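J.: Residue numbers (this note's numbering), protein chains in the order written: chain A, 312 to 510; chain B, 30 to 108.
These are calculated hints, taken from the structure and not from any lab test. Certain hints may be false.
To be verified - The calculated DSS-like cross-link candidates involving lysine-lysine, where the alpha carbons are at most 27 Å apart (straight line), are:
1) B:Lys70 <-> A:Lys443
2) B:Lys104 <-> A:Lys443
3) A:Lys355 <-> A:Lys443
4) A:Lys426 <-> A:Lys410
5) A:Lys337 <-> A:Lys386
6) B:Lys94 <-> A:Lys432
7) B:Lys63 <-> A:Lys443
8) B:Lys104 <-> A:Lys442
9) A:Lys465 <-> A:Lys410
10) A:Lys360 <-> A:Lys398
Unchecked claim - Computed from the model, here is a short list of chain B residues facing chain A with C-beta under 7 Å:
11) Gly77
12) Gly79
13) Lys84
14) Asp87
Keep in mind the model is a prediction, meaning the values are calculated, not measured. Positions of the beta carbon are idealized from the N, C-alpha and C atoms, including for glycine.
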Amino acid sequence: MYRHIYGFIVMILAAAMLAACGSRDKEPAETALKAAEAAVNTAKAEVSKYLPDQAAALDAGLAAAREKFNKGDYKGALSDAQALSAKANELASAVAAKKAELSKAWEEVSTGMPKVMEAIKSRVDILSQSKKLPAGITAEKFAEAKAGLEEMTKQWTEATAASTGGNLSDALAKATAVKKKAAEVLTALNMPVPEALKS
Amino acid sequence: MAEKKDPWAIGPTTDEKQGEGGAAFDATQWHEVKKGETLWKIAEQYYGDGNLYSKIFDANRDVLKDPNRINVGQKLRIP
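With the rest of the complex left out, here is chain A (with noise of 0.2 Å):
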């Protein structure tokens, strides 16, 4: 009969101390899920438009710290959140290594483009002054030439809008269709393709 008592008590107390360390889990684990909610939200909008492809990382990787601490896993919980923390910050640091990235081949682009669509304007302009086409370059291949300028001119608007609006990838990408229209245009016009148009 003792013998009952005694394993029913210790039952009773092996539960406790379970459920005592339980709830000694779930505080951490909770405010460590409050803070890498908190870096994972501060970190999302930029990682999306810098590092899109990592952006869904975060996501998965909250609702899965979310989805343990549920069940009542607060170690893993505690865990997950921890790690996520720390991604968070370590895309921001990469967030802000790529913006200085972008920035910089926008700087360039942006500098050395202009002038190489004011060399093609400038040649447009003259050889639509000219009574005879030189050899090589046929009216078509004219005509071509100046619905390219035209184009370019526009991409490079849109490009210089995009940048001015703080989406340097957009102003990039926009840069980069640029760059091969006016390469296009250069062969065209029998006119020499700089270096950075080649790539």
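Fit chain B to the given chain A structure using the hints.
T.: Just chain B, lined up with the frame of chain A:
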């Protein structure tokens, strides 16, 4: 002492080539004058019309004083 600039120097200097935007974006076309060439002939070659020689002359006023006098080996900008 500052380096004296050679008044007979022709063609692009390193600074002119690299200027703002860097040499990587330099789309300047250069022509090296050959024996028997005139600005008229060069304009005809690049523009198809010798009458447009003044465009080349204007773009090279730093090295050309007279459109009728160009020297073999001179490097001219073709605008």
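J.: Please flag the earlier hints that this structure goes against, numbers listed from lowest up.
T.: 3, 12, 14
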